[in-house]
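*Asks:* Same order as they appear, the protein sequences are chains A and B. Using the working numbering, the first residue of the first sequence is number 1485, and each one after it goes up by one. Using the working numbering, the first residue of the second sequence is number 1485, and each one after it goes up by one.
None of these hints come from the bench; they were simulated from the model. Just so you know, not all the hints are guaranteed correct.
A pair counts as met if it fits within one copy or between any two copies, since identical chains are not told apart.
Said to hold, decoys possible - Below 27 Å or equal to it, Euclidean Cα-Cα: the simulated DSS-like pairs (lysine-lysine) are:
{"#": "1", "residue 1": "K1564", "residue 2": "K1723"}
{"#": "2", "residue 1": "K1564", "residue 2": "K1745"}
{"#": "3", "residue 1": "K1723", "residue 2": "K1567"}
{"#": "4", "residue 1": "K1499", "residue 2": "K1723"}
{"#": "5", "residue 1": "K1745", "residue 2": "K1567"}
{"#": "6", "residue 1": "K1567", "residue 2": "K1499"}
{"#": "7", "residue 1": "K1564", "residue 2": "K1499"}
On a predicted model such as this, the values are computed, not experimentally measured, just so you know.
Number of protein chains: 2
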Amino acid sequence: MTVARLGAIEAGGTKFVLAAGDGPTAIAASHTIPTTTPEETLSQALAWFQDQGPLQGLGIASFGPVELDRGSSEWGHILKTPKPGWSHCDLAGYFVRHLSVPVGFETDVNGAALGEHGFGAGQGVASLTYVTVGTGIGGGAISNGRLVHGAGHPELGHIYSRRDADDRDFAGTCPFHGDCLEGLASGPAILARWGATLSELPQDHAAHNLVAGYLAQMCHTVFASMAVETIVLGGGVMKAPGLLERVVRQARELGAGYLPKSEVRRIVPPSLGDRAGITGAMLIAQRAAAGGS
Amino acid sequence: MTVARLGAIEAGGTKFVLAAGDGPTAIAASHTIPTTTPEETLSQALAWFQDQGPLQGLGIASFGPVELDRGSSEWGHILKTPKPGWSHCDLAGYFVRHLSVPVGFETDVNGAALGEHGFGAGQGVASLTYVTVGTGIGGGAISNGRLVHGAGHPELGHIYSRRDADDRDFAGTCPFHGDCLEGLASGPAILARWGATLSELPQDHAAHNLVAGYLAQMCHTVFASMAVETIVLGGGVMKAPGLLERVVRQARELGAGYLPKSEVRRIVPPSLGDRAGITGAMLIAQRAAAGGS
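I would like the entire structure built from these sequences, with the hints used as guidance.
*Replies:* Listed below in structure tokens is the structure:
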């Protein structure tokens, strides 16, 4: 048995990544379980943590939408989600009750933003946005060195985009908004249009520049609205060869050299790779153990 | 002569508003001068402040783009601007040299955001975006109670919009981006399309819903990207009868009830009216006098 003191959960729609250790850079053990029903998934996670010995804090970075407001009776819950069975699941409360440890709770992308800011591509910058492009599109942000909270949390996937002139007919796949960014450029949107992933399509297929264009526009919007220094683009879709480079090039064209300090603004891949989220969840655990929220 | 201790400048593209007094809610004297050449405008402002007696701090909220980084040799300068003669004007440095007082320097919209947050429509909220819709479109934001800085400052007018299906031909008036938001919905863009202001067009003219739609989309983007609680919409264009109500309604439709905490998100007019900027500049002066930046 390890001498783990902190626990971390990256709660995703398809899998839960669990970790235990002394901190973000000292993960002693980790484990992955599939996301099935809340009852099954949470009890499996609990059993694994109980095998790790006593914890001093737990950090959760969860898929959303979630309630982040400590003053709300729904704090730590997943809110209304299309994912069957998970709406109003009291994710944080389950572990508060069963583990009796301080629990910190954030969105998955806020967790990844914390991880990349602390130990990855965003070290040393005061402002950063982490965006995942996968089954959905979501973003978490740090401004003046702190996570951006407010009325809930960002839902960056649901902004609208100027449509490409050659792409005005696709209705989009978002059940709420149709052709919002997620409805145009997420993994399911790409599959719905072309019957294949970007990685499966030849490099000269029009899909590459089209998807890159929408993601570039999102980056331009984030730069122009939040003035961040660094945008980290992660998630499964971003693993398509050449996509990041296309986004960087098109975002530069959209900016047209106008935005202040264009020279310090960067669009980069997550340098922690798939470990950004669990690293951030460990940071959240650290804060919870230290008495912060 | 007043016993003024603080000075404030709202530096706009058409006029400079000057104020002197004991604080944001104790403005003893104010004066407005037209924005002509930097030499003339700044010397007139200086002469007015010298008549107000010794100051302990000066706050400037300026049109942009500007350099906000205290570590930069261009701090306090206006950067490259289409406004003739003003590119690279050392606005803050002029008053540092001639008045020998601590000078605080912000964008005009950051100033207005501070004013509305401190004494206006945004009192009590932790996150707010102030947007002016006039000759240009610009936004300033407060997150976690602090102004959003980063790589320069936000340039919210230069995000792109999903074009209305009935409005795909207008090329837009922005010299940098064509049909960015400012190119579609600013005062000059409205004049260029319809030869009149919104206030001059009949209420059943299509222009009202079209412009409202682009501004609603911007509000949706701000809510989805920055998760702010309150958006304050000011500026000359927003004085058109019924426009704010149209924006509120269309933003609600665009959100489709999806964003977390929709019930606390508000789109409101500036409750300080045209005094938001100069009130914020006084707050900036207060901070400068107290040794902050």
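*Asks:* Determine for every hint whether it applies to the structure shown.
*Replies:* Here is how each hint holds up against the structure:
1. K1564 with K1723: neither (29 Å within a copy, 38 Å between copies)
2. K1564 with K1745: Close across copies (12 Å), not inside one copy (39 Å); limit 27 Å.
3. K1723 with K1567: within (24 Å within a copy, 44 Å between copies)
4. K1499 with K1723: For K1499 and K1723, only the intra-copy Cα distance (19 Å) is at most 27 Å; the inter-copy one is 51 Å.
5. K1745 with K1567: The answer is between: 19 Å across copies meets 27 Å, while 41 Å in one copy does not.
6. K1567 with K1499: within (13 Å within a copy, 54 Å between copies)
7. K1564 with K1499: Close inside one copy (19 Å), not across copies (49 Å); limit 27 Å.
When each numbered hint is compared with the structure, a violation occurs for hint 1 only.
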